[in-house]
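First to last, the protein sequences are chains A and B. FYI, the numbering for the first sequence is 1 to 379, going by the numbering used here. FYI, the numbering for the second sequence is 1 to 379, going by the numbering used here.
Be aware that a few hints might be false.
Given that identical chains are not distinguished, each listed pair holds provided it fits within a single copy or across any two copies.
Derived DSS-like pairs: lysine-lysine, alpha-carbon spacing no greater than 25 Å straight-line [what the hints assert, rightly or not]:
| hint | residue 1 | residue 2 |
| --- | --- | --- |
| 1 | K91 | K335 |
| 2 | K2 | K297 |
| 3 | K109 | K266 |
| 4 | K326 | K355 |
Just so you know, the hints here were simulated from the structure itself, not pulled from any lab data.
2 protein chains.
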Amino acid sequence: MKFTINRHVFLKHLSDVQRAITSKTTIPVLTGVKLALTTNELVLTGSDASISIEKIISSDIKENELDIIQTGSIVLPARFFGEIIRKLSGKDVQITLLENNKVEIVSDKSVFTINGIDAELYPIISNIDIEENQTISIASFLFKNVLSQTIFAASTSENRPILTGIHLVVENGQLITTATDSHRMSRRIILLPSISKDISYQCTIPAKSLVELSRILSDEEDVKMTVSDNKVLFTTENLYFYSRLVEGIYPDVSRLLKNQYETTFKVESSIFLQSVERASILSTEGKNDIVTLTLNKNSFISSESAEIGYVEEELDMLSFEGKPMKISFNPNYMKDALKAFQNQKIEINLIEEGKPFTLKLDEENDYFVQLITPIRTRN
Amino acid sequence: MKFTINRHVFLKHLSDVQRAITSKTTIPVLTGVKLALTTNELVLTGSDASISIEKIISSDIKENELDIIQTGSIVLPARFFGEIIRKLSGKDVQITLLENNKVEIVSDKSVFTINGIDAELYPIISNIDIEENQTISIASFLFKNVLSQTIFAASTSENRPILTGIHLVVENGQLITTATDSHRMSRRIILLPSISKDISYQCTIPAKSLVELSRILSDEEDVKMTVSDNKVLFTTENLYFYSRLVEGIYPDVSRLLKNQYETTFKVESSIFLQSVERASILSTEGKNDIVTLTLNKNSFISSESAEIGYVEEELDMLSFEGKPMKISFNPNYMKDALKAFQNQKIEINLIEEGKPFTLKLDEENDYFVQLITPIRTRN
């Protein structure tokens, strides 16, 4: 194996692939990045057994400045290799496989000789058959937006592994994305106009995988998603991103969403957020992290800590309808939910004190809805 | 005590004072910030017993928008109070001392009521008599620059407490600033043209204190320094910064600096730095963190790790004089030293293998000099 390549291009792809690589793995070869050079492309692979990322660098694309001198493959220690490539000073880098799995890296006046591992020892990243009729395509910027509005609501505890995943349902030309940790839930629906209504499937993908995918996808491209029995594959022009699926049946959260409410109010999400942030300065110190919202024509938010003090402030609502109510909630859930709406007018609907309440975008109805279970208090 | 003040002005001063306040103190009242309001100014005080910071906010300065309604004083829990002031939404904030040391904080629609501590319980920050003939004045930007070029070389270990300080000597119209951890040393000399040559004193100030002082000083102003037996006071127009001194006799490092060298070379500090950074990718993994410089007409830098591999690269020197030499050093010391020179031509002088070598600015001679003790190796 011997090639030269533009160092910045190489570093970008290497950094993407490194997202899948962890030093915590029990399989030593997975701490490495695999380089496989064929007659027309260099494929970089990183994996932690749960996520696998492949980036394809083609010699046909001029900017890559990929000059293939001799094909071959090797696995290199990912952390050091990445750091070496980052700190080299040349515009290009030349990589040559020597004897005994040693690899020479040359750029400008630097010559590194590092120990690699035989590529035969690297596990095979099994492929998924991409059947066109079970594949959806979606603009990356939109998909990343959907993920950022739902991922935070997934569980981080392994008590119920299914809740550590994000549930994706494709049906009737829609993508329904749901996350819940059983205390709160976020659901976002988007239309997929270019997709046949016959395509119908669902899966639960680890939230961690989707966080990494979001970081790699660039806004300009489309991403394709294909699901098999136990794996999902996301592809763009030069990316293959595999993730295992979370096994189990995802709970049916839609039954929690009602259409009848006792109380409804509208508010600017950013104004509500700032109030909750102030109230939570005191609440986070108390034993129970609780903020209380007293709803009426004149509503107010309050919180207290026996040690530090008390805060109360008026909430500027855009409108209020229904009967007065008082609810207490975990301010962290409320902050996450309000941040996901960014800076918009939202509608909040309550059924009764103690029952879950929903937040949704004023205009778009149920296309983006969040649900929070309040905390029961003594008073 | 009752006053209103521009929230942003207040927050700026409060943040500066908070730099002295730690939650780790064994004296509970020191976790608080003291507010003392007289008829014409508000004084904020924070202290960890080692450092004390006072900021003075005068009602005479229009931008402060300080409206003094009733004088008085109180100590408030610094962390929460700071966070509250930061997160309030109003342009101004009103602070009122109620009964039982409770304090009301009002801004826009928010009302906080927090528990304070009687200001009588706050320790007295004893004053230093500012004698004009023992006080020097120096431009803050220059003093911060001097500190940034020396502080890194101070010891972080309490084995020899004196070395955790920065040694300042005022004599012959010069300020000589020195830091050493016994493995390396950095010394910077500046001229103080406006200072009488009769002023002469020296002291050792904890490096930590000077780090905090550097963060508070703004580039535009001058800072005055006055030293007493066990304390130093830095003042600017609205700042009093006290620090304890480090007791003991600072070692005489000037005897380490020689004038005769066997080998001298010049190099761009940034080029040398990048080489050392690359070499240290491998060395930091090995048992001994060692980088080797082989000096000759054609010099090269090398390092190795039995596990990962080997690196060797040519060093681009500007000039070389004297006999060939080979020295090994801790790359972290070398990186710190080279960073302090920023991006300049430097001269490196060596006496013999195994003996400390010096780095200095090509033009300015001994006004900025650093010394590093090499590591003795078997070969």
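Okay, the hints, checked on the actual structure:
no., hint, in the structure
1, K91 with K335, "between (45 Å within a copy, 23 Å between copies)"
2, K2 with K297, "neither (74 Å within a copy, 32 Å between copies)"
3, K109 with K266, "between (64 Å within a copy, 18 Å between copies)"
4, K326 with K355, "within (11 Å within a copy, 76 Å between copies)"
In this structure, only the earlier hint numbered 2 is contradicted, and the remaining ones agree with it.
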